[in-house]
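Peer 1: Residues per chain are reported as follows:
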Amino acid sequence: MKISEQDIKTVATLSRLRIRAEEEADVLFQLNKILTYVENLQTLDTSNVEPTTYALPMQNVFRADKVKPSLDRDLALSNAPLKEDGYFKVPRVLEV
Amino acid sequence: MALYEKTAHELHELLTAKKISAAELTANIFSRVDEVENKIGAYLTLTRDAAEAQAKIVDEKISRGEKISALEGIPCAVKDNICTKGIRTTCASKILENFVPPYDATAYQKLLAQNCVIVGKANLDEFAMGSSTENSGFHTTHNPRDLERVPGGSSGGSTAAVAGGEAIFALGSDTGGSIRQPASFCGVVGFKPTYGRVSRYGLVAFASSLDQIGPITRDVTDCALVLNAICGLDEMDSTSTAATVPDFTKSLVADVKGLKIGLPKEYFVKGIDPEIESAVKNVAKKFESLGAEIFEISLPHTEYAIATYYLIAPAEAATNLERYDGVSYGARVDGADVVEMMTNTRTEKFGEEVKRRIMIGNYALSAGYYDAYYLKALKVRTLIQKDFTDAFEKLDLILTPTTPNVAFKIGEMVSDPLKMYLQDICTVPVNLAGLPGISVPCGVNKNNLPMGFQLIGKALDEETILRAAFAYETAL
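Those protein sequence lines, which keep their order, are chains A and B.
For the first sequence, our numbering begins at 1 and goes up steadily by one.
For the second sequence, our numbering begins at 1 and goes up steadily by one.
Treat the hints loosely; a few may be bogus.
Unchecked claim - Below 30 Å or equal to it, Euclidean Cα-Cα: the simulated DSS-like pairs (lysine-lysine) are:
no., chain 1, residue 1, chain 2, residue 2
1, A, Lys-33, B, Lys-265
2, A, Lys-9, B, Lys-419
3, A, Lys-33, B, Lys-386
Unchecked claim - Derived Cβ-Cβ restraints for the label pairs, each shown as a range:
no., chain 1, residue 1, chain 2, residue 2, range
4, A, Ser-78, B, Glu-340, 19 to 27 Å
5, A, Asp-65, B, Ala-243, 23 to 31 Å
6, B, Glu-303, A, Glu-5, 25 to 33 Å
7, B, Glu-35, A, Ser-78, 33 to 41 Å
8, A, Glu-5, B, Ser-298, 40 to 48 Å
9, B, Ala-243, A, Ser-47, 28 to 36 Å
10, B, Ser-415, A, Asp-74, 41 to 49 Å
11, B, Phe-295, A, Tyr-54, 44 to 52 Å
12, A, Thr-43, B, Ser-31, 37 to 45 Å
Claimed, not checked - Just so you have them, the derived chain B footprint on chain A, three or more residues with Cβ under 8 Å:
no., stretch
13, 6–18
14, 29–38
15, 50–64
Since the hints were derived computationally from the structure, they do not count as laboratory data.
All C-beta atoms, glycine included, are put in the ideal place defined by N, C-alpha and C.
Produce the complete structure using the sequences and hints provided.
Peer 2: This is how it looks when you write it as structure tokens:
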């Protein structure tokens, strides 16, 4: 077993996901199967290998520092699930 | 031959000769959609009114005697993870069911600038995560060549639209094979350009270091025409390349004399359908008879590609999908506090495969596992890329099957995610290395199902791929 029930609960919390009780066994089974499969990477010696994050060589990319029109506020808010007075509205974050 | 079966370049001839009008062509496509869409299910949204209006603009231009560009008036489908201003863009996810982008993706804008006629937004596996389009949050797309089978994925809707006569060409996106694999399953041409060739601005991010937009077409000539339209540097995507964009139609030369083509032995192993293996070997013979040189080569780290990909792509996805938190756009499911609201939203609105990949990704990135999983995968990515760099010192192209098998039956693999992941064995190494790759049809198997071969080129050398693919197509 690569991943325990407790690990799954921790990862779910980190992911802001809830695993329903009836799904737990299947999630555990599938994730273990996948994580066992990816173990084959451990057989490779990579001690002198640099990681690749982007396939093509990429350096800092700059553009002219000029002000340009940006997205209109109403348009930016147009897909908001809840808004008020030009702001996104969310449930209470802090206890008062 | 009906209009909806023709290629873009044939239709362009008919339009410029005034033998047909753009309105007529658009009407023909929509009548085909009316006829087959309930069986194929290629689309999530149809944009008939906008398409008719666009066709009218093109007809007015033609009637004024103005010259029209190669794709002007040509009906196309756009994968529904490519943002289209004012047109719902769902990524086939319930979490974006009602999302209407306030801006256009650059690749789509470039098609609009050409006056292409947009038929609609095509189905996909949710957030492009899948190889069959069965992971769509809305419906499964059926393969027009055999309705009981999957069209492949994740660009299954785009590909089925082209194969089923519901669009002349389509835009797809390819993170691990999502253009090439469905193209192979449906018997059409699919091209994943070099990473950075096409701007990713407005392409909803899945795995940012692997994602690339590309064309799905009926032939290689159309493929070159669409590449001409969509490639190029974009200041809105800092990873788009400043390399000069050639006129890709100049590569449509049926001449492969002296080209050095490698057949990597790791792609012809147990697990590959023997019919596909022999079809691809026949393609090699065809190239040889046309004057190319064929070499047996080795890409020794191929067997590690799936594991590498299924750590890197989920890790990037877990990060990219953090933005679906029910705050600024997308669905929201209420909760007592903000964390509960986010958890409820994501739990209810993401599908199973998306949740699975988020979990794998966050596990691979979490403290204590980062070095063993994510960092290890990045290092193996270097080795996989080096396999290609070494091989291309002596070669112009690499020839492989596109897929290990032909289109499978709907429902056949849904219960086994790992088996589904192994579908991508021939295509993911290309994304990990950032290289261009095409899938071209090479006949059908004994059950009349399409097979495809893949040509992989050097970074930014789409031209040699097009040249060889065109030579093959011409020699048929």
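Peer 1: Provide an ascending list of the numbers of those earlier hints which the structure does not satisfy.
Peer 2: As far as the earlier hints go, 11, 12 are violated by this structure, in ascending order.
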